[in-house]
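Based on the sequences and whatever the hints tell you, model everything.
There are 4 protein chains.
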Amino acid sequence: MPGNSFGKMLTITTFGESHGEALGVVIDGLPGNLLVNLDDLKAELRRRAPGQHAVHTARKEEDVPEILSGVFENKTLGTPVTVIVRNTNQKSEDYLKLKDSYRPGHADKTTLIKYGIRDHRGGGRASGRETVSRVIAGYFAGLVIPNVSTYAYIEQVGPYKLKTVPKDHKVDRGEINIPDPQMSAEVISFLEECKNNGESAGGIVAVSIINCPVGLGEPVFDKLKADLAKAMLSLPACVAFSLGEGFNFAHLLGSQISTQPEAFGGIEGGITNGGPISFKIAFKAPSTIGEKAKEGRHDPCVLPRVVPVVEAMTKLVIADYFLRQQAYESFLP
Amino acid sequence: MPGNSFGKMLTITTFGESHGEALGVVIDGLPGNLLVNLDDLKAELRRRAPGQHAVHTARKEEDVPEILSGVFENKTLGTPVTVIVRNTNQKSEDYLKLKDSYRPGHADKTTLIKYGIRDHRGGGRASGRETVSRVIAGYFAGLVIPNVSTYAYIEQVGPYKLKTVPKDHKVDRGEINIPDPQMSAEVISFLEECKNNGESAGGIVAVSIINCPVGLGEPVFDKLKADLAKAMLSLPACVAFSLGEGFNFAHLLGSQISTQPEAFGGIEGGITNGGPISFKIAFKAPSTIGEKAKEGRHDPCVLPRVVPVVEAMTKLVIADYFLRQQAYESFLP
Amino acid sequence: MPGNSFGKMLTITTFGESHGEALGVVIDGLPGNLLVNLDDLKAELRRRAPGQHAVHTARKEEDVPEILSGVFENKTLGTPVTVIVRNTNQKSEDYLKLKDSYRPGHADKTTLIKYGIRDHRGGGRASGRETVSRVIAGYFAGLVIPNVSTYAYIEQVGPYKLKTVPKDHKVDRGEINIPDPQMSAEVISFLEECKNNGESAGGIVAVSIINCPVGLGEPVFDKLKADLAKAMLSLPACVAFSLGEGFNFAHLLGSQISTQPEAFGGIEGGITNGGPISFKIAFKAPSTIGEKAKEGRHDPCVLPRVVPVVEAMTKLVIADYFLRQQAYESFLP
Amino acid sequence: MPGNSFGKMLTITTFGESHGEALGVVIDGLPGNLLVNLDDLKAELRRRAPGQHAVHTARKEEDVPEILSGVFENKTLGTPVTVIVRNTNQKSEDYLKLKDSYRPGHADKTTLIKYGIRDHRGGGRASGRETVSRVIAGYFAGLVIPNVSTYAYIEQVGPYKLKTVPKDHKVDRGEINIPDPQMSAEVISFLEECKNNGESAGGIVAVSIINCPVGLGEPVFDKLKADLAKAMLSLPACVAFSLGEGFNFAHLLGSQISTQPEAFGGIEGGITNGGPISFKIAFKAPSTIGEKAKEGRHDPCVLPRVVPVVEAMTKLVIADYFLRQQAYESFLP
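As they're listed, the protein sequences go chains A, B, C and D.
Going letter by letter, the first sequence gives residues 2 to 334 in this note's numbering.
Going letter by letter, the second sequence gives residues 2 to 334 in this note's numbering.
Going letter by letter, the third sequence gives residues 2 to 334 in this note's numbering.
Going letter by letter, the fourth sequence gives residues 2 to 334 in this note's numbering.
When chains are identical, the list treats them as one kind, so a pair holds in a single copy or across two.
Within a straight-line C-alpha distance of at most 30 Å, the following computed BS3-like cross-link-like pairs (lysine-lysine) qualify:
id, residue 1, residue 2
1, K9, K76
2, K76, K110
3, K168, K110
4, K295, K162
5, K295, K110
6, K293, K76
7, K43, K168
8, K293, K162
9, K110, K293
Derived by calculation from the structure, the hints in this document are not laboratory data.
Please read all numbers here as calculations on a predicted model, not as lab measurements.
Written out as C-alpha cells, the structure is:
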C-alpha cells in the first residue's frame, strides 16, 4: 500500500532508491506566490551533504536540486512542486558483492520478504540517502511558516553529552551541529576513531521550536505531538521520541510539574498554546561495523547529518497543521 | 480539519464529548464473518473502567456497549461496525463551576482558542473518557489478527520500578496491571496516599508483541515504528515513546548492539521481521492536583487504567498494517 | 477497505444496515459555533421520508434524529457531530423469505460474493434507507455555506418531461418535487398506476446551484465536476451525470458553445467561476417489479424522495471544497 | 489542498505544467516483480501523441518517458515508480501574447483567482498535456490486472455517429480510434475542415471492460461506478458520464430493464458482478476557436487523442479496487 506520502494539507510524496537514477519529492498543497530562492535550498542540502568532514562517508554526492514543476519565475504556482536530485556517484559495482548478503539491522531481508524482490545495489528506499527528499520538502514547508523558528542540535553522541542548553536559536552549531565548541571537537575525534576502528555510535538530537502559532493540532488522533512523533520515528535509525521532560515525567509528581508549565513542551491536550515546543529523539548506532564499515562509504554515526533532516520534518508537520487550521480561521469569533 | 480517524485499511472514527450523550466509534474496513463475542468486549471495557479501586476516580460509569451496526447474528458483516457507550453518570452540575476557569495542562484553553467554543462541562474530546472508544475498536482489531499477542504492563509509577521483566504473556498483572504482587501493593498504597493528598503521579508502560507477521510496515513514512509512536503519543498525557532499548541506544556502540539483535525491537528498516517487538511509553502525572483533585472524580495516575487502551491502540496498528500487506500476498513469489 | 467516508476537509462517515438497530453519520471537520436548529434538521428528513403519499412505500419509518455528539447548547463544538436514526419499523420477519433469494439489480449477490456474508433482512448498506445519513450530513454541510443555494427538482419520470425550467429557486416544487403542478399531478397518477401494476419507473433530476464561491475545485483529479459526479453516482440507482449541456455537447461546435458561456455549467478548468452551476442525473427504475413490488414496501420510483438527498450531496461537496480553499485565503494577494 | 493524487491502494500523484520543465507521475502501491516493458509504455504514449495526423495539433512533442525510480532490471521493486517526460518543444514565446488575456472556457481566470498567480505560458495544470502522466500511470496499472481488457473508442464526433457497436475488443480502431473505416474517413475530413475554419467539435467515447473480477467496489460512497465517474469527469473537457443505458434509463420501465440484465453495466449495488461493464462519456468542443485556433497548436477536437487516456483512467480505477479487495481474500469462506 502506498506509504511514501506524508501530511494531509501539505502532502509530500518521495521516491527514489539509493542507487537508482534519482531521488525526489512532489510537494502538493503549497500556496501560490511563495518566493523560492534556489541558493537557500542548496544551502539546506549542503547541511545534509556527506563528505565535508572525516566523520562523514567518503561518498561525495553532489546533490544538485532540479526543479521540474510548480515554480515559475521564482514563485510557487500553487501546483505540485517537484524537485529531483540525480544519483551521480552510484558506484553500484561496489555493491555487487552485497547481492546475496543481508546486512543485519538493515531492511535488506525484510524488504525481500515484503516485496519478493529488492534492489541489492544499496538500501533501496530504506536508506539514509532517502532523506535528501525530506530536506528539499522541508525547505518549501518553511516558506509557508516563515515566522516559525526550528532549531535542532546534537545533545549526545555515544558517551559525550552537552552540558548547557543553548540559550537561543542563534547559538552557532559548528561543523557537526553541536552548539559547544569543546564537545564538538571531542565528538569529531571520537567519530574519527570510530571510523578507523570500524565502530559506530548513536546519540540524541534535541529540537526547539519558537513562535509556533496557537491552536495547531487536533484533540484526538492528530494531536501535534502524535504527528511529530510519527515524523521522527519515520527517520532511519530513530528509536525514541520524548516531548518536554519525556521519560523524566515518569517520576515527577503533579505538584512538581505544576510549577514548571514549560514542562508540557508547548502543547496542551494535543494543541499548541503558543509557547516554545521542545522534544528529543534518539538514534541508534549504524548496524554496519567491522571491516565493511572501514572500507565502505558509511557514516560511523548518523547524528551530524540528520540534524537538518530533523528540522525539515518538524517544519513539514507544523506547516501542514498550520494550513489545516487556516481553513477555520474565518469561522472564529 | 478531520482529526478523529486513525488507520488506512482498518479505519476507526471516534466521537463523543466526555459529558455529552454518548461516546462511540465507527470501525470501517473489517472483514466479514468475524465472530463477535459481546462478553469479551465487555470484559475489555471493564479492564479500562474506573471505580474498581480506591486509586481510581469515584465516577462509576457503567460502560455498556451498544452495537448499532455492522454485526448480525454475532458475525461482522464487512460493513462499518458502530458501537456507542452512553454517558449515564454525567453530573455536569459538578462542572458548572469550571465554566470560566481553564485548568492548566488540560486542553481547556487551547480548545477555546482553536474552535472559538468549548464544552465547559468537562474535557470534551481531550478527556481520558475518549479512550473508551479506542478499547472498543481494539477488541474488533484483535479479531483480525487472532494469533498476535499483545501484552502491556506498568513498569514504573512515580518512584516505584518493576525489577523483573515478565517472562511471558501469561504472567498475572493483578489488579492494576503490574506483573509483580509486591510492587502492585506498594503502588496501590502510594496512589491512595496521592489521592488523599491531592497529589498525582506519572509512570511508564511497557509493551510486548509476539507472533507479529513478517513484512508489516512500509519503508519510508509508514514505518511500523512510526505509526506505533503516533498511536501512543495520541493518548492523553503520553509524553514519550521508545522502541527496544530506546534512549539507551544513544550511548550504545554499534559493536554492542550487533551482539543483541533483539535490541532492534523486532523491526528492521521500518518493517517487521517476525521477532518480538517491544516498546515503552511514558505518561505524565495528571495536571489536576490540590483540593480539586481530592473532591473531584479524578484519577491520581492514568497508568492503571491506560494499559488496556495501550493494547487496543497496538492491535489497531498491527491489524491495519496486516490488511495493508494482505493486498500484496498474491503477488509474492 | 473502508469505503463509507466521503470528503476530505468535511468528512462524513456513514453506518447502519437498512434493518439493523440504527443508521447514522459522523461529520468530522465542521467549524465550531454553527447554530444548529433541530426543527430544520427534522424538516429535511421529512422531505426524504416515505409514507407521505400513495406513490411512496408504505413503510412509515419515523426518522427521529438523535444527536449523540458535537453539539452543545445548540451550537457545534468543532468536534465530530454524530447523529443516529433508529430503525423502529424493521419488520424483518417480512424479509425472512428473502433469506435464500437474490434480487436481480440489487446488491444481494455481489454483497455475498464480496464479504462472504450478507444481512438477508434487507439491502444492508446498499439500500435507499442508507441515504437518511446523507440528508443529515447535508443539513450540517449547509451551515458551513449558508449563502450557497442548491435547488434540485424532477425533470423527468418515465415518459413525463418538464416543459419549462424553473425561473428561480423559489418556485414551489409541490408534493413530489416537480416544479409544475400539471406534470406533478400526471406523475402522481402514473406512479400510482405503476404501483398497482407492479411496475417501476426511472427519471431525471436537475440541480441548480447559485452563489457558489469562486475558486473551488482543484485543476487535476479533484475538479469540482469530478467530485460532484462521484457524489451523484454514489447514490443507489444513479446511472448518469451530465454537467451543463452534458451529452448535448457532443454535437455542439465550438462556435455554438462560445456564444453561451453559461453552457460550461459554472465550472472552468475544474474550478468554479462564481456563475450558476447546473447538472443533471439519471436514475434507473427500481429492480423490484411484479407481485413482490405490489405487496412489498417498495417505491415504484426513487425520484420523488431522492431530491433532498441530491441536494445534501451537493452541499457536502461544495462545503468540503469551500473549507479546502479557505486554508489558502490568507496567502492570496 | 492537495488535489493531484488519485486512488487509495494504487495512488498516483501527477505533476508538471504544460510549459514547464517536465511532466510526470509517481505511482505508489504497485506490487513488486511486475515485468516492465519500456517499448509497450512508449507505444501507449504514441497512441496519445499529437502530430500524427492533420487533425492533430502541429505541436510535435516527443514524449520520451524516463523512469527515475521503482524499476530495476525491468522489474518493479514495490517502491514508488516515477516516470517523467520532458517538455522539449515548449515554444513559450508563442504564449507571451497570452500573458494578459484569459481564454474563455479555459482555467486561465479561475486559476488566477484561486492561486493568485498563474503560468501564462499555457494551460498550466489544466491542460490536455497533463494527461500524458495518466497514460504512463495507466500502463503500470494494467500490469496489476493483466487479464482485464479495456477497450475505448469514439462513438460520435459532432454530427457523425457510429452505426454498429464493435463486436469484440479486437476490432481495429484505425488512425483515430473509430472502429469503422467509413466513419473514420468522414471524421478525419470533418476535423480537417474544422481546423481550416477555426472551428472545433465535441463527441462521445464509449468504453467496454471485460473479465473484470467480481466483488470490486464498496457499497456506499466508493461504488465502482462512482469512482469511474470521478475518473472520467476529472479529464479536461469531459462533461458527462453514463453507465450502461445511462440517460436512456429515464424512460425505461422496470419491466423493460428486467429483461436485459446487461443494462446494469456489470455493476450491481456499486459492486462488480463479473459481467461486462460499459459506459460512455461526452466531451465538449475545445473553447479555442477562430483565428487563434487556426494558427495555434490546438486540436480541433480532443476525442482522437483522449481514447488512450480514458483507457488509462479506467485501468487505474480497476487496479486500485482490485488491490483493495485483495486484502480481504484470505478472510472469505
